[in-house]
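Undergrad: Below are the chains, spelled out letter by letter.
Number of protein chains: 2
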Amino acid sequence: MLGHIARRLGSNGLKGISPQQLLPKETHRHLQSSLDTIRPISTVSLWPFSSQPRDFSQPNSSWSPEMQKVYDHYYALCDTDTENGEGKKRPWRKLPSYNRSIKYATGGIHLSKLIQAKARLFTRNVKEQGATFEYVVFVNKEEKRCVCVFQAGRLLEGAPGHVHGGAIATMIDTVTGTLAGFLSGPIMTANLNIDYRSPMPLDSVVLIHSALDRIERRKTYITSKVTSTDESKLYTEATALFVSISVGHLFGSRN
Amino acid sequence: MLGHIARRLGSNGLKGISPQQLLPKETHRHLQSSLDTIRPISTVSLWPFSSQPRDFSQPNSSWSPEMQKVYDHYYALCDTDTENGEGKKRPWRKLPSYNRSIKYATGGIHLSKLIQAKARLFTRNVKEQGATFEYVVFVNKEEKRCVCVFQAGRLLEGAPGHVHGGAIATMIDTVTGTLAGFLSGPIMTANLNIDYRSPMPLDSVVLIHSALDRIERRKTYITSKVTSTDESKLYTEATALFVSISVGHLFGSRN
Numbered sequence: 001m002l003g004h005i006a007r008r009l010g011s012n013g014l015k016g017i018s019p020q021q022l023l024p025k026e027t028h029r030h031l032q033s034s035l036d037t038i039r040p041i042s043t044v045s046l047w048p049f050s051s052q053p054r055d056f057s058q059p060n061s062s063w064s065p066e067m068q069k070v071y072d073h074y075y076a077l078c079d080t081d082t083e084n085g086e087g088k089k090r091p092w093r094k095l096p097s098y099n100r101s102i103k104y105a106t107g108g109i110h111l112s113k114l115i116q117a118k119a120r121l122f123t124r125n126v127k128e129q130g131a132t133f134e135y136v137v138f139v140n141k142e143e144k145r146c147v148c149v150f151q152a153g154r155l156l157e158g159a160p161g162h163v164h165g166g167a168i169a170t171m172i173d174t175v176t177g178t179l180a181g182f183l184s185g186p187i188m189t190a191n192l193n194i195d196y197r198s199p200m201p202l203d204s205v206v207l208i209h210s211a212l213d214r215i216e217r218r219k220t221y222i223t224s225k226v227t228s229t230d231e232s233k234l235y236t237e238a239t240a241l242f243v244s245i246s247v248g249h250l251f252g253s254r255n
Numbered sequence: 001m002l003g004h005i006a007r008r009l010g011s012n013g014l015k016g017i018s019p020q021q022l023l024p025k026e027t028h029r030h031l032q033s034s035l036d037t038i039r040p041i042s043t044v045s046l047w048p049f050s051s052q053p054r055d056f057s058q059p060n061s062s063w064s065p066e067m068q069k070v071y072d073h074y075y076a077l078c079d080t081d082t083e084n085g086e087g088k089k090r091p092w093r094k095l096p097s098y099n100r101s102i103k104y105a106t107g108g109i110h111l112s113k114l115i116q117a118k119a120r121l122f123t124r125n126v127k128e129q130g131a132t133f134e135y136v137v138f139v140n141k142e143e144k145r146c147v148c149v150f151q152a153g154r155l156l157e158g159a160p161g162h163v164h165g166g167a168i169a170t171m172i173d174t175v176t177g178t179l180a181g182f183l184s185g186p187i188m189t190a191n192l193n194i195d196y197r198s199p200m201p202l203d204s205v206v207l208i209h210s211a212l213d214r215i216e217r218r219k220t221y222i223t224s225k226v227t228s229t230d231e232s233k234l235y236t237e238a239t240a241l242f243v244s245i246s247v248g249h250l251f252g253s254r255n
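Heads up: the sequence lines are chains A and B, in that order.
In case it helps, full-length UniProt numbering puts the first sequence at residues 1 to 255.
In case it helps, full-length UniProt numbering puts the second sequence at residues 1 to 255.
What the hints contain is simulated information worked out from the structure, not anything from laboratory work.
Since this is a predicted model, take the numbers as computed values, not measurements.
Mixed in with the good hints, there may be bad ones.
Since the list gives no way to pick out one identical chain from another, each pair is judged satisfied if it fits inside one copy or across any two copies.
[Said to hold, decoys possible] Subject to a maximum C-alpha distance of 25 Å in a straight line, what follows is the list of computed PhoX-like cross-link-like pairs (lysine-lysine):
(1) 219 x 144
(2) 233 x 219
(3) 225 x 141
(4) 113 x 127
(5) 219 x 141
(6) 69 x 233
(7) 144 x 233
Required output: the full structure, derived from the provided sequences and hints.
TA: Okay, here's the thing in structure tokens:
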């Protein structure tokens with residue numbers, strides 16, 4: 001039962017789950033590493049519904065010049081991915097971001113129409129661009145860290161003119177969970193410990209840095225901090241703990 | 001500058017801030033305790049824009065029978081508030097919930113049109129009833145605790161079919177912040193430490209219990225747990241720390 005799949009793993013909720021864990025074996029041509037499961041499938045698939053879901057982490061007209069500038073900076077550092085595999089190898093990669101975590105799986109765009117079709121990822125649930133969470137996650141596999149550029153929209157208010165603490169927590173969970181799933185495969189959030197250092201005005205553009213602290217058996221520890229884009233101002237610091245889960249657990253078993 | 005008001009204080013972001021801190025003295029007829037600032041003003045005011053903002057924590061057609069049942073249970077325990085002050089005194093009170101924290105202040109409904117008019121409280125930013133956060137907070141002043149009944153809508157998804165960890169964090173911040181502001185006046189969140197014990201399916205109705213742990217000078221410590229409505233299942237446990245802020249701090253001063 002997909003309804004029993006354990007809870008999310010960062011914004012890319014299913015990024016640690018390989019397609020063969022979700023779908024019958026015969027629909028897959030390629031066994032993929034957890035790294036590959038978050039890459040849009042560019043190879044030919046026998047699965048008839050493998051059209052690409054929309055990537056919400058693309059530049060759009062709601063982005064401020066500051067947001068665009070930081071995006072351009074990291075995008076220029078990224079690996080380029082071409083059809084024939086001849087892209088340039090660089091340390092960073094931009095991760096796609098869909099409006100349901102199930103879409104990260106091959107055939108997920110189809111499954112998402114069958115299973116609770118009206119559900120939407122919390123961070124991508126408002127259609128109006130720029131109104132809530134505008135963000136892109138860049139990951140550096142070698143250094144086991146990632147950076148998210150995040151622009152906080154007008155619908156994320158807490159106190160007048162400032163971002164709600166829950167919206168900041170949501171982004172920290174999202175970014176640390178993305179990194180943990182990237183490094184450790186299927187995981188679920190076990191703990192978030194967040195220190196709020198300074199209030200964040202609405203419309204701010206900030207960086208959310210996350211790095212691997214350590215992995216101990218089934219536990220992946222991630223640290224995170226939220227800063228201004230020039231990194232001179234600290235808004236928030238956090239630690240996060242994720243626990244690896246078995247495929248059985250995902251499907252409702254406790255084993 | 002209202003734009004410099006420090007960040008939110010739970011769902012009721014300005015509940016600890018008395019109207020006289022936001023508006024010129026001459027617009028106020030009554031000095032009010034922090035308790036009174038979160039009560040809809042039923043007394044006559046000279047302020048010309050004191051019409052009541054809409055209370056989003058009223059029963060509506062999106063509520064499941066379980067949500068309505070829990071609401072009815074706590075509502076029956078509530079103090080009744082009448083125009084002539086002859087209501088029955090009971091230990092619980094239902095708190096109102098607006099779509100901007102500034103509306104808790106007298107005249108706030110007017111100010112909200114002047115100051116960043118398009119901003120909306122993060123937990124009340126989607127018009128469709130039932131799609132995101134449906135919740136009501138009941139507070140027990142004598143016991144220094146509160147209970148929130150929360151129904152998680154389809155737009156709060158993390159992993160398929162389950163509530164995003166950030167949405168749970170948002171509600172914990174909201175409910176613990178509401179209690180802290182209720183007890184300590186103007187505060188801001190300093191720390192949230194959240195243990196996720198069990199994944200929460202979408203459409204769940206849960207209770208968020210929050211209680212005062214202790215107050216040490218400017219620090220208010222709150223504990224919280226999220227359970228099923230019969231309290232047999234534990235979803236989440238958390239502690240929260242709030243720091244009292246001065247009016248000067250709210251308006252941009254560090255003193």
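Undergrad: Now tell me if each hint is right for this structure.
TA: Against the structure, the hints come out as follows:
In this assembly of identical chains, residue 219 and residue 144 lie within 25 Å of each other by CA distance solely inside one copy; the values are 15 Å within and 36 Å between copies. Taking the shortest Cα distances, residue 233 and residue 219 sit within 25 Å of each other only across copies (24 Å), while inside one copy they are farther apart (30 Å). In this assembly of identical chains, the alpha carbons of residue 225 and residue 141 lie at most 25 Å apart only when taken from the same copy (18 Å versus 36 Å across copies). Taking the shortest alpha-carbon separations for residue 113 and residue 127, both the intra-copy value of 18 Å and the inter-copy value of 23 Å come in at or below 25 Å.
Only within a single protomer do residue 219 and residue 141 lie at most 25 Å apart by alpha-carbon distance; the minimum there is 19 Å, versus 40 Å between protomers. In this homomeric assembly, residue 69 and residue 233 come within 25 Å of each other (Cα to Cα) only inside a single copy, at 18 Å, whereas the closest approach across copies is 47 Å. Only within a single protomer do residue 144 and residue 233 lie at most 25 Å apart by alpha-carbon distance; the minimum there is 23 Å, versus 36 Å between protomers.
Taken one by one, the earlier hints all hold for this structure without exception.
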